[in-house]
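*Asks:* Sequence:
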Amino acid sequence: MIVPDASARKPLILISNDDGITAPGIAVLVRVMRRLGEVVVVAPDSPQSGMGHAITIGHPLRLDPSRVFADEGIEAYECSGTPADCVKLAKHMVLKDRNPDLVVSGINHGSNSSVNVLYSGTMSAAIEAAIEGLPAIGFSLCDYGHEADFSHVEEWVEHLTRQALAHGIPAGTALNINIPKKQEQPILGTRLCRQARAKWQEEFDLRHDPHRRPYYWLIGNFVNEDQGEDTDEWALANNYISVVPCQFDLTAHYGLSQLNESWDLTLGDHPPRRPTQPRTPYIGSATPTDPRPE
71 MIVPDASARK
81 PLILISNDDG
91 ITAPGIAVLV
101 RVMRRLGEVV
111 VVAPDSPQSG
121 MGHAITIGHP
131 LRLDPSRVFA
141 DEGIEAYECS
151 GTPADCVKLA
161 KHMVLKDRNP
171 DLVVSGINHG
181 SNSSVNVLYS
191 GTMSAAIEAA
201 IEGLPAIGFS
211 LCDYGHEADF
221 SHVEEWVEHL
231 TRQALAHGIP
241 AGTALNINIP
251 KKQEQPILGT
261 RLCRQARAKW
271 QEEFDLRHDP
281 HRRPYYWLIG
291 NFVNEDQGED
301 TDEWALANNY
311 ISVVPCQFDL
321 TAHYGLSQLN
331 ESWDLTLGDH
341 PPRRPTQPRT
351 PYIGSATPTD
361 PRPE
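Start counting the sequence shown at 71; every next residue gets the next number (our numbering).
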């Protein structure tokens, strides 16, 4: 469990996102975090939605001071790269020898529940922080509109952030928190959830440019194949906030035992060498006895 420093100083909170530094959602996050600690913002200079955990390796990265939050007295920078780039640059170039007590990303315009977490730039910033050993949260609002109403989220974001600052976040994980779109009925509460087994059923719409050259436009429908009532999709559909601890260790431990039992990995006189179990399990990883997901 990563618990922030309990000293008398204000906690240092790093903020990033994937919608860009001028997005309405990050302004809400800055407003809330200012009440909780010292804030530094490092965010993309343009929208980076759907970038997943991409990093910039073949082009130069620009990092420039930004005056977007100057009226609030917030130290802010805009980056030409991805959300993961932003967290890397923030840790190593902006904050240098200062480790943030918490990294928060968002508030994203649109859901990052279920399989969407794999594509999410919002969550990539949070997961990059977890890789660096920092406690992190990605916040998303299930409303894709640029004029989305965030008025009902502030008290919940503040409450959940206070919980993270007071009690910590499990090591090797980042919290994926999704908040329902504003409705007539108030939010019913918060549910700790597992990621639902759902996916996009993609279609590609064939179109032609003015020169009659073909191109494709991605469309499709989101399909929830999971009927469990312990999932993020169920919570959001029933007007609860979903909280899912996510890890960056993607090893399917149940698959190791199945492959060991069924695959013949020998080749000639070179039998495979079975790996030994590490003395200390990898932080945040599942145990080898985890059952296969239903």
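Don't read these hints as lab results, they were simulated from the structure.
Only a predicted model underlies this, so the values are computations on that prediction, with no experimental measurement involved.
Glycine included, every Cβ here is placed at the ideal spot set by N, Cα and C.
Wrong hints could be hidden among the right ones.
List of simulated lysine to aspartate or glutamate pairs, EDC-like, C-alpha gap at most 16 Å [as the list claims (entries may be wrong)]:
1. K269 <-> E228
2. K251 <-> E224
3. K251 <-> E299
4. K269 <-> E225
5. K251 <-> D213
6. K252 <-> D219
7. K252 <-> E295
Here are the simulated distance ranges between beta carbons [as the list claims (entries may be wrong)]:
8. H216 <-> L335: 31 to 39 Å
9. F274 <-> V185: 40 to 48 Å
10. V293 <-> R105: 33 to 41 Å
11. L326 <-> D167: 34 to 42 Å
*Asks:* Hints first: check each against the structure and report whether it holds.
*Replies:* Status of the hints after comparison with the structure:
Note on K269 and E228: the hinted pairing is violated, with a Cα-Cα distance of about 31 Å set against a maximum of 16 Å. Only pairs whose Cα atoms come within 16 Å are accepted, and K251 paired with E224 is accepted, the gap being roughly 13 Å. For the hint pairing K251 with E299, the CA-to-CA distance comes to about 19 Å; that exceeds 16 Å, so the pair is violated. Straight-line distance between C-alpha atoms of K269 and E225 comes to about 31 Å, which puts the hinted pair past the 16 Å bound.
Restraint check for K251 and D213: satisfied, since their Cα atoms lie roughly 5 Å apart, inside the 16 Å limit. Restraint check for K252 and D219: satisfied, since their Cα atoms lie roughly 7 Å apart, inside the 16 Å limit. The hinted pair formed by K252 and E295 fails the criterion: a straight-line CA distance of about 25 Å is larger than 16 Å. One distance hint, 31 to 39 Å for the beta-carbon pair H216 and L335, is violated here, with the actual separation near 52 Å.
Between F274 and V185, the C-beta spacing of about 18 Å breaks the proposed range 40 to 48 Å. Under the hint 33 to 41 Å, the C-beta atoms of V293 and R105, about 39 Å apart, fit the expected range. Between L326 and D167 the Cβ separation comes to about 39 Å, which falls inside the hinted range of 34 to 42 Å.
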